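Novice: In order, the protein sequences belong to chains A and B. Just so we're aligned: 18 in numbering that gives the first Met the number 0 is position 19 of the first sequence, and the numbers increase by one with no gaps anywhere. Just so we're aligned: 189 in numbering that gives the first Met the number 0 is position 190 of the second sequence, and the numbers increase by one with no gaps anywhere.
Derived from the structure by calculation, the hints contain no laboratory data. A hint or two may mislead.
BS3-like, lysine-lysine: derived pairs with alpha carbons at most 30 Å apart [claimed, not checked]:
# : chain 1 : residue 1 : chain 2 : residue 2
1 : B       : Lys36     : A       : Lys322
2 : B       : Lys36     : A       : Lys339
3 : A       : Lys257    : A       : Lys322
4 : A       : Lys257    : B       : Lys36
5 : A       : Lys339    : B       : Lys118
6 : A       : Lys339    : B       : Lys150
7 : B       : Lys137    : A       : Lys339
8 : B       : Lys30     : A       : Lys257
A quick note: this is a predicted structure, and the numbers were derived from the prediction, not measured.
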Amino acid sequence: MTDRALPLPPSQLSGPDVRKISRIDIGLKRRYAAERRFRTFGLMAVALALTFLALLFGSIVLRGYTAFQQTRITMIVDFDPAIIAPDGDRSPAAIMSGNAFRFDDLIAAALVRTLEIDPNDEDALYDGLDLLSKGSGPMLRSMIAADPTLIGTKKAVAFYATGDVDSFVKGTIPADVPESQRLIKDKHIVLIDRLKADGALRLAFNTALFTNGASTRPEMAGVGVALVGSLYMMLVVLVLSLPLGVAGSIYLEEFAPKNRWTDLIEVNINNLAAVPSIVYGLLGLAVFINFAHLPRSASLVGGLVLTLTTLPTIIIATRAALKAVPPSIREAGLGIGASKMQTVFHHVLPLAMPGVLTGTIIGLAHALGETAPLLMIGMKAFIVDYPSTPLDPATALPTQIYMWATEPERAFTERTSAAIIVLLAFLLAMNSIAILLRRAFERRW
Amino acid sequence: MSAVQATVPFETVRTPDAAGRPIKIHTRNVKVTYGQKQALHGVSIDIAEKAVTAFIGPSGCGKSTFLRCINRMNDTIAGARVEGTITLDDQDVYDPDLDVVELRARVGMVFQKPNPFPKSIFDNVAYGPRIHGLARSKADLEEIVVTSLQKASLFNEVKDRLTEPGTGLSGGQQQRLCIARAIAVSPEVILMDEPCSALDPIATAKIEELIDELRANFTIVIVTHSMQQAARVSQRTAFFHLGHLIEEGPTDHVFTNPLEQRTLDYITGRFG
Numbered sequence: 000m001t002d003r004a005l006p007l008p009p010s011q012l013s014g015p016d017v018r019k020i021s022r023i024d025i026g027l028k029r030r031y032a033a034e035r036r037f038r039t040f041g042l043m044a045v046a047l048a049l050t051f052l053a054l055l056f057g058s059i060v061l062r063g064y065t066a067f068q069q070t071r072i073t074m075i076v077d078f079d080p081a082i083i084a085p086d087g088d089r090s091p092a093a094i095m096s097g098n099a100f101r102f103d104d105l106i107a108a109a110l111v112r113t114l115e116i117d118p119n120d121e122d123a124l125y126d127g128l129d130l131l132s133k134g135s136g137p138m139l140r141s142m143i144a145a146d147p148t149l150i151g152t153k154k155a156v157a158f159y160a161t162g163d164v165d166s167f168v169k170g171t172i173p174a175d176v177p178e179s180q181r182l183i184k185d186k187h188i189v190l191i192d193r194l195k196a197d198g199a200l201r202l203a204f205n206t207a208l209f210t211n212g213a214s215t216r217p218e219m220a221g222v223g224v225a226l227v228g229s230l231y232m233m234l235v236v237l238v239l240s241l242p243l244g245v246a247g248s249i250y251l252e253e254f255a256p257k258n259r260w261t262d263l264i265e266v267n268i269n270n271l272a273a274v275p276s277i278v279y280g281l282l283g284l285a286v287f288i289n290f291a292h293l294p295r296s297a298s299l300v301g302g303l304v305l306t307l308t309t310l311p312t313i314i315i316a317t318r319a320a321l322k323a324v325p326p327s328i329r330e331a332g333l334g335i336g337a338s339k340m341q342t343v344f345h346h347v348l349p350l351a352m353p354g355v356l357t358g359t360i361i362g363l364a365h366a367l368g369e370t371a372p373l374l375m376i377g378m379k380a381f382i383v384d385y386p387s388t389p390l391d392p393a394t395a396l397p398t399q400i401y402m403w404a405t406e407p408e409r410a411f412t413e414r415t416s417a418a419i420i421v422l423l424a425f426l427l428a429m430n431s432i433a434i435l436l437r438r439a440f441e442r443r444w
Numbered sequence: 000m001s002a003v004q005a006t007v008p009f010e011t012v013r014t015p016d017a018a019g020r021p022i023k024i025h026t027r028n029v030k031v032t033y034g035q036k037q038a039l040h041g042v043s044i045d046i047a048e049k050a051v052t053a054f055i056g057p058s059g060c061g062k063s064t065f066l067r068c069i070n071r072m073n074d075t076i077a078g079a080r081v082e083g084t085i086t087l088d089d090q091d092v093y094d095p096d097l098d099v100v101e102l103r104a105r106v107g108m109v110f111q112k113p114n115p116f117p118k119s120i121f122d123n124v125a126y127g128p129r130i131h132g133l134a135r136s137k138a139d140l141e142e143i144v145v146t147s148l149q150k151a152s153l154f155n156e157v158k159d160r161l162t163e164p165g166t167g168l169s170g171g172q173q174q175r176l177c178i179a180r181a182i183a184v185s186p187e188v189i190l191m192d193e194p195c196s197a198l199d200p201i202a203t204a205k206i207e208e209l210i211d212e213l214r215a216n217f218t219i220v221i222v223t224h225s226m227q228q229a230a231r232v233s234q235r236t237a238f239f240h241l242g243h244l245i246e247e248g249p250t251d252h253v254f255t256n257p258l259e260q261r262t263l264d265y266i267t268g269r270f271g
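Construct the complete structure from the given sequences, taking the supplied hints into account.
Specialist: Structure below.
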């Protein structure tokens, strides 16, 4: 309203000034167009990236989610003392030793009752046994060894179906191909349908995927050992690379004189960050295993090698975080009579902490997904038992994925994707922790 | 122009102090080079005890560089070399045996931009006494913090929020917090490097008032771009130009009756 009371001076509305304004307008239009173009390109790039991300996650989840369920066949087992402990000794040691096939007899008896087949009809019995995992006998044995009071009772046990039956039930093995080209024969299909109708055969949550170690039978295979191995490695990496990396960066950034030697070191650290990780694997093989004689396939060695691959990342991130702390904070500390060390540890490092932690966790996430160096030091092994210390043989999540990816069974294909989902969940969790820590430590200055 | 002046033998114009104050800091022929560049071409000046000495001069004349020589803050700059002698109470500041940490506890500093630590107001002031072990007990420390804040005319404004971050204060309050932090370790000298250049006129007036009060207990050296400020707060003024100390003398004398043409040109605004 006051604008109207104050009209523009006439000189700006006519004469040479009008031409001047229009000339500026043309330039402005071009500049705005360039800006719009740039923004469009940016949006397109982001959209493209998101599309591929969605495709990646979509394909992995679609392929892998079925592996979190597993076909179980529940049967009443008669824990017959005459078969389990023929000599009367019910100690776990006695159960674990002796004829291992006697537990198959228990399963056969249960099967005969469940399917109501003639005990003398061996063909029908074997068709039924075909459905059950070959690991069922050992499973039953360890079950009894863990709880000997089961002997003499009758109890429902949920056995694992074989990987092929599992795939058939989930529909990954189609029923409409000719029988001769199908792993699941027509006689099996009849049995599966019958068990399904009885409620004995159904899908349940696949705990074995998280608790079991390596197995040639997909229904028995799990990432348990790999999870523990990865956990040990991450602990080793964290314990070694965080203090080493942070101390090294503090020295280089705050204390070391700036001369040709420190320049050389800096260039080398930046180059080390770009060295292919398999080279670190070769180094680890030569130094930690051949020279230091540390055990093969051990998570300690894996952790040591991954520490080497992670250190440059942590050092670069920490140095950047230290550099970002305003020099006025250092001057304030020194000006009041704090020593260099006090200034760094009381004032500079706390301010750099969010950056340091983010860098460390990103480095750890890298290390968690690292595969190539682990192949070189033998962490691609068939490990059934859990490692009790970092010196015991173990595998890691990425190498487990690599091994499963080379297996031909349909059931391993979905488990490969499931293991990838587990790995991605871990990475996501670690990145979330990084963000939370960053928030917690962030301070204004 | 500087090359010509560097070769010509240079004589500072000096006017002795009528008040006859004792001298706290002697400097003789102080030269500073940053790598190849010479920033100070031999500065000799005596700084009086319990008085405010102002360094004035155009940008890049070396006044801040010289100030930072006194508590050896130039040590932290890579490639900086200091020659000549600076003595504090007849003790050589650049003596290799002298502990620089102890020196900086005796010679405090307040910087151009308020730079409180990202800690609470209390911890900001308590940090110095803590690291130097000046407080025997918690009550002792609290007393030091309170008196320092009082001396810095900040206590009444912050007494209810000592646990709040120092970075949450206004610019002027932050600078007074930095002054409180500096005086908490009971220094003998306080160096101020353009302490008001980032502040508004009201905050500036408060700091100037504070400087005038602190003069009773501390030797203060202040670098300033504002000639009015130098005239208001200082007893002695030194005019620097292109790395030389051109003229030094009592403030009223330098501002009303400068003996050097360049000083006159600068204070009348003919260059700078």
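Novice: Compare the structure with the hints numbered earlier in the document and write down the numbers of the violated ones, lowest to highest.
Specialist: Of the numbered hints, all hold.
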